[in-house]
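Peer 1: So the chains spell out like this:
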Amino acid sequence: MLEEDVNMAKFKTSKTKEEPRINTASLPDIIFILLFFFMVSVSMRQNNLMVRIKLPQATQVQKLEKKSLVSYIYIGQPIDRALYGTNARIQLNDSYATVKDIPEFVAKARQARNEAVRSLITFSLKVDQNTRMGIVTDVKQELRKANALKINYSCRKELNPKQ
Amino acid sequence: MARRGAPEINAGSMADIAFLLLIFFLVTTTMNVDTGITRILPPLPKNKNEKVDVKERNVLKVLINSHDLMLVNGKPATVKELPDRIIDFMSIHPNNPAYPQVREKFIPALGRKVLMTKGLISLKNDRGTSYKMYIKVQDAIAKAFNEMKDQAAMKYYGLKYDQLLDPEKKKVINELVPIRVSEAEPENVGGGR
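Chains as they are written, first to last, in this note's numbering: chain A, 13 to 175; chain B, 43 to 235.
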């Protein structure tokens with residue numbers, strides 16, 4: 013036993029050679045980079061929804077580009093129906109609103125943006141599919157009065173159009 | 043006392059921790075792409091009494107009542123047949139009084155005059171119409187216009203509209219096929235509250 017040890021120190025014998033280990037010290041770094049990538053690329057939902065929204069389906073949808081230039085208007089039944097009833101309500105930012113609040117909302121959305129891009133702001137209407145058009149028409153009229161003409165009816169893409 | 047080197051921290055599990063975080067983020071966040079139908083609202087008329095005179099034959103009237111039933115030019119119709127109706131209505135028939143009037147328009151990019159229809163889709167809905175139905179109709183109208191754009195792109199460039207890479211060409215097609223949809227000033231039609 014002892015003799016062999018002495019031998020090993022002098023000559024490298026292939027049969028006692030240990031298998032080299034892969035250095036995993038940098039693995040956490042790689043994973044962290046992935047993690048940061050996802051954290052940056054994924055946008056957190058900005059608004060806490062207070063209305064129930066199931067978007068209608070459509071086939072001819074386009075992607076909404078430049079998310080920084082989009083302001084959302086939510087219309088649907090309140091989630092807490094016991095407290096707020098079942099009539100469709102408008103949600104702007106984080107609270108319920110009425111049609112009268114829309115001009116102010118539009119003005120604030122414009123103020124928050126650079127002057128050069130103000131005319132490009134899109135107002136995305138996220139409306140529940142069972143809402144009646146009355147309230148939607150009112151909102152659209154208010155938007156027209158506020159001269160916010162570019163709107164987007166938010167829809168889900170219909171995957172299997174029945175044709 | 044023998045001097046001991048600082049014990050090495052085992053970093054092997056660090057990757058697992060980071061993986062857990064990564065999976066947590068992957069699961070909780072949704073890469074939702076917003077999709078929808080983009081439309082430009084007409085500006086408010088400056089003069090309320092001002093009425094735009096459009097000839098009857100130039101308008102395809104689409105009415106939706108509070109029971110989500112549709113009338114196209116006074117006759118019941120389904121959403122399914124609407125795109126074909128619109129494409130047919132917007133096609134160019136210079137000498138047929140059953141179709142809208144035509145006009146000539148000079149398109150600089152093509153270097154010549156092109157016949158364009160004066161047709162217009164008038165969409166009118168009730169306050170009681172469901173949003174679902176309204177989107178269905180908007181979708182059908184969008185489908186018709188997209189198909190007309192494809193046709194025009196095929197005719198002039200031999201490609202579909204989506205395949206055109208040059209934004210200038212897209213502009214020309216958009217000029218050739220303007221989305222002529224008018225949404226009437228809201229009023230109560232068909233018994234909604």
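Honestly, the hints are just simulated from the structure, not real lab data.
Virtual Cβ for every residue (Gly too), placed ideally from N, Cα, C.
Take these hints with a grain of salt, some might be off.
[Stated by the list, open to error] Example chain A residues on the side facing chain B (calculated, C-beta under 8 Å, incomplete): (1) Arg-130; (2) Asn-142; (3) Thr-149; (4) Arg-156.
[To be verified] Chain B stretches covered by chain A per the calculated footprint, using a threshold of three residues with CB under 8 Å from any CB of chain A: (5) 52 to 62; (6) 152 to 159.
Peer 1: Mind listing which of the numbered hints don't hold for this structure, in increasing order?
Peer 2: Violated hints (numbers, rising): 1, 6; every other hint is consistent with the structure.
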